[in-house]
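Asker: These are the residues of each chain, in order.
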Amino acid sequence: MDSWYPRMAKPWDSWGMLACLCTVLWHLPAVPALNRTGDLGPGPSIQKTYDLTRYLEHQLRSLAGTYLNYLGPPFNEPDFNPPRLGAETLPRATVDLEVWRSLNDKLRLTQNYEAYSHLLCYLRGLNRQAATAELRRSLAHFCTSLQGLLGSIAGVMAALGYPLPQPLPGTEPTWTPGPAHSDFLQKMDDFWLLKELQTWLWRSAKDFNRLKKKMQPPAAAVTLHLGAHGF
Amino acid sequence: PAAHFPFSCCCPEAVTYGFCPVPLPPTEAPHVQYERLGSDVTLPCGTANWDAAVTWRVNGTDLAPDLLNGSQLVLRGLELGHSGLYACFHRDSWHLRHQVLLHVGLPPREPVLSCRSNTYPKGFYCNWHLPTPTYIPNTFNVTVLHGSKIMVCEKDPALKNRCHIRYMHLFSTIKYKVSISVSNALGHNATAITFDEFTIVKPDPPENVVARPVPSNPRRLEVTWQTPSTWPDPESFPLKFFLRYRPLILDQWQHVELSDGTAHTITDAYAGKEYIIQVAAKDNEIGTWSDWSVAAHATPWTEEPRHLTTEAQAAETTTSTTGSLAPPPTTKICDPGELGSGGGPSAPFLVSVPVTLALAAAAATASNLLIW
Chain A
1134 MDSWYPRMAK PWDSWGMLAC LCTVLWHLPA VPALNRTGDL GPGPSIQKTY
1184 DLTRYLEHQL RSLAGTYLNY LGPPFNEPDF NPPRLGAETL PRATVDLEVW
1234 RSLNDKLRLT QNYEAYSHLL CYLRGLNRQA ATAELRRSLA HFCTSLQGLL
1284 GSIAGVMAAL GYPLPQPLPG TEPTWTPGPA HSDFLQKMDD FWLLKELQTW
1334 LWRSAKDFNR LKKKMQPPAA AVTLHLGAHG F
Chain B
572 PAAHFPFSCC CPEAVTYGFC PVPLPPTEAP HVQYERLGSD VTLPCGTANW
622 DAAVTWRVNG TDLAPDLLNG SQLVLRGLEL GHSGLYACFH RDSWHLRHQV
672 LLHVGLPPRE PVLSCRSNTY PKGFYCNWHL PTPTYIPNTF NVTVLHGSKI
722 MVCEKDPALK NRCHIRYMHL FSTIKYKVSI SVSNALGHNA TAITFDEFTI
772 VKPDPPENVV ARPVPSNPRR LEVTWQTPST WPDPESFPLK FFLRYRPLIL
822 DQWQHVELSD GTAHTITDAY AGKEYIIQVA AKDNEIGTWS DWSVAAHATP
872 WTEEPRHLTT EAQAAETTTS TTGSLAPPPT TKICDPGELG SGGGPSAPFL
922 VSVPVTLALA AAAATASNLL IW
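The listed protein sequences correspond, in order, to chains A and B.
Residue 1364, in my numbering, is where the first sequence stops; the numbers in between run on with no holes.
Residue 943, in my numbering, is where the second sequence stops; the numbers in between run on with no holes.
Hint data in this document are derived by calculation from the structure and do not stem from the laboratory.
Incorrect hints may have been included.
[As the list claims (entries may be wrong)] Below, a list of computed lysine-lysine pairs in the BS3-like style, where the Cα atoms sit at most 30 Å apart:
hint: 1; chain 1: B; residue 1: K726; chain 2: A; residue 2: K1346
hint: 2; chain 1: B; residue 1: K720; chain 2: A; residue 2: K1345
hint: 3; chain 1: B; residue 1: K811; chain 2: A; residue 2: K1239
hint: 4; chain 1: B; residue 1: K693; chain 2: A; residue 2: K1239
hint: 5; chain 1: A; residue 1: K1347; chain 2: B; residue 2: K773
hint: 6; chain 1: B; residue 1: K693; chain 2: B; residue 2: K811
hint: 7; chain 1: B; residue 1: K720; chain 2: A; residue 2: K1320
hint: 8; chain 1: B; residue 1: K773; chain 2: A; residue 2: K1345
hint: 9; chain 1: B; residue 1: K853; chain 2: A; residue 2: K1347
hint: 10; chain 1: A; residue 1: K1320; chain 2: B; residue 2: K731
hint: 11; chain 1: B; residue 1: K853; chain 2: B; residue 2: K726
hint: 12; chain 1: A; residue 1: K1345; chain 2: B; residue 2: K811
hint: 13; chain 1: B; residue 1: K853; chain 2: A; residue 2: K1181
hint: 14; chain 1: B; residue 1: K731; chain 2: B; residue 2: K773
hint: 15; chain 1: B; residue 1: K731; chain 2: B; residue 2: K748
hint: 16; chain 1: A; residue 1: K1345; chain 2: B; residue 2: K748
hint: 17; chain 1: A; residue 1: K1181; chain 2: B; residue 2: K748
[What the hints assert, rightly or not] Here are the in silico distance ranges between beta carbons for each label pair:
hint: 18; chain 1: A; residue 1: P1298; chain 2: B; residue 2: Q823; range: 52 to 58 Å
hint: 19; chain 1: B; residue 1: M722; chain 2: A; residue 2: P1298; range: 31 to 37 Å
hint: 20; chain 1: B; residue 1: L819; chain 2: A; residue 2: R1270; range: 51 to 57 Å
hint: 21; chain 1: A; residue 1: F1213; chain 2: B; residue 2: L638; range: 53 to 59 Å
Beta carbons: idealized from backbone N, C-alpha and C, even for Gly.
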């Protein structure tokens, strides 16, 4: 978080207002039905998850274009380069290179799962406020796809025996109607949401690539070797 | 007119001035002056009075008196050829009064700046140049901002208009802003570009592209290549490849996109035709395609040509052609009777020889490989 810029007071942060919906996600069935026949392992579902991130990234490109045009200038200008203010609760994809490289599988998957859970929740909030029917339709479609990605990640985690992240008791977000949010700042939040979503999808592709390589046959030998080097 | 000593006179200044001048006091070196191309300039003769009697010379050559305004030299419409060492002398004593080293040039126009990451995720580099020359020395200053954070751009050891930045974080939503300012004695200019981490990713072309004929397969060519050595981590950041190939005689390329692996077998090559093959690379998800690789040339395997002197040999020839041969293309039909009349030895086709040739070298061997 840039320390140059004055710290803004929290009350105008719009994310709190949308928090209530997030509770819904935490109660998703923890283990989706898996095809346990055959000894394919998690490989195919990792591939599927990878493919989904690509599909979503593609879908997001047109959705973001439309939405930013709807927000109007300067949000739809290609050189728009605002400082990252507010939107503090957005899950950030950015990570130190060495830290990212050395993430263990469980942490890598967990970070993805948590990120998309939050992003989906915020997107649903965006959808409710979207002005045109067409925007709402596009957003709804995207939310459904994103839901699918979440399910896919959950499937991979289950196949590998990792528990799905659950929110700590007492930290579950609740509805807190805050003061009216300035129009411009609201748009800034929307801008950062879409930006972060796009970046996460690029990162996930790399994350799942890495997982895919580790799972490839001769999986046992490769994984053990990589494990020994702390990958 | 002043008496001039011959050039062989005993002083080094004779070379520059054409005579042996009374040397300047040791402290006075030529005054360096930069002037703009096309402009007018008046050079005073140091501290001499306006009405002092002086002679001006440039690089040892007399200048016509009509260029003078009193003791001052007036140059109009400066051209590049006006650059040089101007000296004024007291007309009678040939006492050297003043020297000016004049450089004619231009202020810098807006520089052209571009950045690229061929070593993702390690970092990126930026290149710059001026669209038109200034003819005088320029200094460049590059600054890189990531949000509010200043990043160091390390000068390239070999190229003077390139510097390198190392990524500290990956998957950043904050854009990078690279600014460059250029200045010289006549002016100043600057430009800046902003971009996201992902948009500037462009690998170097694949290396060591080799195409070989496949023995006993007249329509196949086996192509292999390597990921560019500058790409630091192909495991975590895999590359996909794009292969294009065509026979030299046609203009239209065939394309194949490959998401995996560094080898491919072309199975629809025209028999006996020399092919040109190139490969490009791209990160699987982000950035743009590399430039095309150095071209590889190869011709598919063809049967060793024989001279059909006896019927027995003719029968042998027909039975040795395999059934997998597709009908030859309609462009040029290779007349079997012409086999063996093509120049050069036929043996090479039966030997797997890696053929990675620059086009110039390929031309020399082309006549041996092509069989019509």
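Asker: Hint by hint, note whether the structure agrees.
Answerer: We went through each hint and held it up to the structure:
1. B:K726 to A:K1346: Violated. K726 of chain B to K1346 of chain A sits at ~36 Å, over the 30 Å cutoff.
2. B:K720 to A:K1345: violated (35 Å)
3. B:K811 to A:K1239: holds (27 Å)
4. B:K693 to A:K1239: Roughly 25 Å between the alpha carbons, so the hint for K693 of chain B and K1239 of chain A holds.
5. A:K1347 to B:K773: With a Cα-Cα distance of about 26 Å, the restraint between K1347 of chain A and K773 of chain B holds, given a limit of 30 Å.
6. B:K693 to B:K811: holds (19 Å)
7. B:K720 to A:K1320: Given that 30 Å is the threshold and the Cα spacing comes to 25 Å, the pair holds.
8. B:K773 to A:K1345: holds (23 Å)
9. B:K853 to A:K1347: Cα-Cα ~22 Å, so holds.
10. A:K1320 to B:K731: With a Cα-Cα distance of about 43 Å, the restraint between K1320 of chain A and K731 of chain B is violated, given a limit of 30 Å.
11. B:K853 to B:K726: Status holds; Cα separation ~26 Å.
12. A:K1345 to B:K811: holds (16 Å)
13. B:K853 to A:K1181: holds (22 Å)
14. B:K731 to B:K773: holds (21 Å)
15. B:K731 to B:K748: At roughly 21 Å apart (the allowed maximum being 30 Å), K748 of chain B and K731 of chain B satisfy the hint.
16. A:K1345 to B:K748: violated (34 Å)
17. A:K1181 to B:K748: violated (36 Å)
18. A:P1298 to B:Q823: 52 to 58 Å: For P1298 of chain A and Q823 of chain B the Cβ distance comes to about 54 Å; the hint holds.
19. B:M722 to A:P1298: 31 to 37 Å: holds (34 Å)
20. B:L819 to A:R1270: 51 to 57 Å: holds (53 Å)
21. A:F1213 to B:L638: 53 to 59 Å: holds (57 Å)
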